[in-house]
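Engineer: Those sequence lines, one after another, are chains A and B. For the first sequence, the numbering used here assigns the number 1351 to the initial residue and increments by one for each residue that follows. For the second sequence, the numbering used here assigns the number 116 to the initial residue and increments by one for each residue that follows.
Hints are computed from structural coordinates only; laboratory data are not their basis. C-beta: ideal position from N, C-alpha, C; glycine also. Treat the hints loosely; a few may be bogus.
As the list claims (entries may be wrong) - Just the calculated beta-carbon pair ranges, DEER-fashion:
| id | chain 1 | residue 1 | chain 2 | residue 2 | range |
| --- | --- | --- | --- | --- | --- |
| 1 | B | V127 | A | K1421 | 16 to 26 Å |
| 2 | B | K221 | A | Y1384 | 36 to 46 Å |
| 3 | B | T169 | A | N1454 | 39 to 49 Å |
| 4 | B | S124 | A | V1474 | 18 to 28 Å |
| 5 | B | I125 | A | K1476 | 49 to 59 Å |
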Amino acid sequence: MKTIVTSLVLVILTLNIQAQKFISKSGFIRFYSYTPIEEIEANNNQAASILDASTGDVQVSLLIRSFSFKKELMQEHFNENYMESNVYPKSSFKGKITDISKVNFKKDGQYQVEVEGEITIHGVTKPLKTPVTIEISKGVPTAKAKFKVLTADFNIAIPDLVKEKIAKEIEITLDIPYQKV
Amino acid sequence: MKKILIIASILVLIAVLVVFKVSFRDADISVKSEKTELKIAAGDLLQEFSVDETAANENYLNKVIEVTGRISKVEDTEEGFNVYLQDPDQISGVICGFNPEAANKKDFTIDETVTIKGLCTGYLFDVILVKCILLK
Chain A
1351 MKTIVTSLVL VILTLNIQAQ KFISKSGFIR FYSYTPIEEI EANNNQAASI
1401 LDASTGDVQV SLLIRSFSFK KELMQEHFNE NYMESNVYPK SSFKGKITDI
1451 SKVNFKKDGQ YQVEVEGEIT IHGVTKPLKT PVTIEISKGV PTAKAKFKVL
1501 TADFNIAIPD LVKEKIAKEI EITLDIPYQK V
Chain B
116 MKKILIIASI LVLIAVLVVF KVSFRDADIS VKSEKTELKI AAGDLLQEFS
166 VDETAANENY LNKVIEVTGR ISKVEDTEEG FNVYLQDPDQ ISGVICGFNP
216 EAANKKDFTI DETVTIKGLC TGYLFDVILV KCILLK
């Protein structure tokens, strides 16, 4: 009887850890464009994300106006012309880490997994599939990823005048430290 | 005549350089030099966004505002830190993003009530302000 109870408690405890949801409100996201003429970098330090450790479901959302740039003019163009942030104030991703079972949330280390879902930028939603590294430290994950998107895919209009200064492919970097909910 | 022409050319050149320099100036790291457009309590700001986000965006998005609230958390970010203004009975609040050159993390104590000036960028789970400064 005692063994059954102990085993049951252990099973429940294990399930509890796997059923854990994690949240982040200070996720880091960088948009980076490189051309031989100009390098443009936009940084966001308030991305929000929820990760479900048992299902692998993950959502990320961010505010376009929260991106900071080195140059004032770039920030204006980004918001007013390219992203039209008054019309589309947010950008988001909704998907699933398809091989979440690879991650042992109780064991510190780095786990290479894959996330699949949909990304919405400038009001346009497109499928996205990309590798993600989940770092576990003291039972808490941090998700890191780097991938590219095409501005044309999201109806982002770059005027001819600056075409040489903005890359057709934008590199997006994610670094999201989570906490237990 | 020639003298006037030379002076005029120099003036035009200076004007062009000034416009050029101003156009390509660095973005401010905080809203310190900007005019406050309105003042509000953190709880009230959150309430407005959670009840009607569209209306709240009309009123606050891209505006420089002063928010007063109780500090519930201070968290490091990749490039600086976020200060959370949240009432004890709430699950959301106002997140204020700081550049490390604009404020000192040590100036923020949990449970302290402060007034923070920043640029409102919208609402996710919380209302978010960036380019913040602490008002004494």
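Engineer: If a hint holds in the structure, say so; if it does not, say that too.
Structural biologist: Taking the hints in turn, this is what the structure says about them:
Distance hint for V127 (chain B) and K1421 (chain A): a CB-CB separation of about 25 Å, consistent with the stated range 16 to 26 Å. Separated by about 37 Å at the C-beta atoms, K221 (chain B) and Y1384 (chain A) satisfy the suggested range of 36 to 46 Å. Take T169 (chain B) and N1454 (chain A): their Cβ atoms lie about 43 Å apart, and the range 39 to 49 Å holds. For S124 (chain B) and V1474 (chain A), the hinted distance range of 18 to 28 Å is not satisfied, since their beta carbons lie about 49 Å from each other.
Range check, I125 (chain B) to K1476 (chain A): Cβ separation about 53 Å, and the 49 to 59 Å hint holds.
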